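Residue numbers (our numbering), protein chains in the order written: chain A, 34 to 146; chain B, 24 to 135.
Read the hints as simulated data drawn from the structure, not as lab findings. Hints should not be assumed to be uniformly reliable.
[Stated by the list, open to error] Think about it this way: if two alpha-carbon atoms lie no more than 25 Å apart in a straight line, the pair counts; the simulated BS3-like pairs of lysine-lysine are:
{"no.": "1", "chain 1": "A", "residue 1": "Lys34", "chain 2": "B", "residue 2": "Lys80"}
{"no.": "2", "chain 1": "B", "residue 1": "Lys106", "chain 2": "B", "residue 2": "Lys80"}
{"no.": "3", "chain 1": "B", "residue 1": "Lys32", "chain 2": "A", "residue 2": "Lys34"}
{"no.": "4", "chain 1": "B", "residue 1": "Lys94", "chain 2": "B", "residue 2": "Lys80"}
{"no.": "5", "chain 1": "B", "residue 1": "Lys123", "chain 2": "B", "residue 2": "Lys93"}
{"no.": "6", "chain 1": "B", "residue 1": "Lys93", "chain 2": "B", "residue 2": "Lys37"}
{"no.": "7", "chain 1": "B", "residue 1": "Lys123", "chain 2": "A", "residue 2": "Lys75"}
{"no.": "8", "chain 1": "A", "residue 1": "Lys101", "chain 2": "B", "residue 2": "Lys123"}
Note that the structure is predicted; figures quoted are calculated from it, not measured.
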Amino acid sequence: KQEVTQIPAALSVPEGENLVLNCSFTDSAIYNLQWFRQDPGKGLTSLLLIQSSQREQTSGRLNASLDKSSGRSTLYIAASQPGDSATYLCAVAPSGGSYIPTFGRGTSLIVHP
Amino acid sequence: DGGITQSPKYLFRKEGQNVTLSCEQNLNHDAMYWYRQDPGQGLRLIYYSQIVNDFQKGDIAEGYSVSREKKESFPLTVTSAQKNPTAFYLCATRTGWEEKLFFGSGTQLSVL
Chain A
34 KQEVTQIPAA
44 LSVPEGENLV
54 LNCSFTDSAI
64 YNLQWFRQDP
74 GKGLTSLLLI
84 QSSQREQTSG
94 RLNASLDKSS
104 GRSTLYIAAS
114 QPGDSATYLC
124 AVAPSGGSYI
134 PTFGRGTSLI
144 VHP
Chain B
24 DGGITQSPKY
34 LFRKEGQNVT
44 LSCEQNLNHD
54 AMYWYRQDPG
64 QGLRLIYYSQ
74 IVNDFQKGDI
84 AEGYSVSREK
94 KESFPLTVTS
104 AQKNPTAFYL
114 CATRTGWEEK
124 LFFGSGTQLS
134 VL
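Use the sequences and the hints to build the structure in full.
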């Protein structure tokens with residue numbers, strides 16, 4: 034059974050720092066991996082989707098990489114801002130069978146001015 | 024305005040009562056999902072539906088029921104058999120081409 038781990042569970046940084054959030058998974062037979070942002074009491078907002086054949090995806094200040102062989106994905110946030118404060122979750126979808134992603138518990142990020 | 028609409032935003036359940044959470048989408052996506060989120064926990068799958076008139080149990084289906092009579096709608100009923108229903112409930116859809124998930128804004132269910 035796929036297990037997804039996100040480290041660290043919480044992170045507090047000053048504004049302007051470059052950040053790396055980690056997502057590890059145990060089964061490398063994946064279809065794709067999706068990063069989400071969740072604000073308190075809200076739904077999940079999709080940030081980036083990486084297909085299994087891709088190495089990275091970029092959107093603005095965000096860059097997500099994927100290394101299937103090592104079972105890792107990283108979300109890089111450049112020049113962090115207070116508005117980036119949220120919980121970031123990754124979801125890993127299997128390559129076979131039904132599309133049922135496994136979610137990590139998330140990294141809670143606070144960016145202080 | 025395309026998207027996923029969950030209602031109500033807040034819901035209170037009395038003991039022994041069944042309650043229904045609504046999820047409506049106008050994205051024309053075939054697949055829909057219901058997740059439960061508890062504080063500090065990852066999302067857990069309750070039910071999913073790949074197509075109209077078909078749905079499958081997820082990891083924690085006991086005490087819940089669903090229907091999928093229309094492509095646009097996937098309501099979730101929390102029955103009285105669910106003894107610990109207090110949680111944040113999220114509905115999602117999935118695109119058919121790049122297999123990407125989209126989420127609604129959630130319903131917070133609490134027990135009176």
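Hints, verified against the model:
1. For the suggested pair lysine 34 of chain A and lysine 80 of chain B, the alpha carbons sit about 17 Å apart, so the restraint of at most 25 Å is met.
2. A hinted pair counts as satisfied when its Cα atoms are at most 25 Å apart, and lysine 106 of chain B with lysine 80 of chain B qualifies at roughly 18 Å.
3. Using a Cα cut-off of 25 Å, the hinted pair lysine 32 of chain B and lysine 34 of chain A is violated, with the two alpha carbons roughly 33 Å apart.
4. At most 25 Å may separate the alpha-carbon atoms for a hinted pair to count; lysine 94 of chain B and lysine 80 of chain B meet this at roughly 18 Å.
5. Straight-line distance between C-alpha atoms of lysine 123 of chain B and lysine 93 of chain B comes to about 21 Å, which keeps the hinted pair within the 25 Å bound.
6. For the given pair, lysine 93 of chain B sits about 29 Å from lysine 37 of chain B by alpha-carbon distance, which is inconsistent with the 25 Å threshold.
7. Between lysine 123 of chain B and lysine 75 of chain A the CA atoms are separated by roughly 19 Å; this keeps the pair inside 25 Å, and the hint holds.
8. At roughly 19 Å between alpha-carbon atoms, lysine 101 of chain A and lysine 123 of chain B fall within 25 Å of each other, so this suggested pair holds.
When held up to the earlier numbered hints, the structure conflicts with 3 and 6 and fits the remainder.
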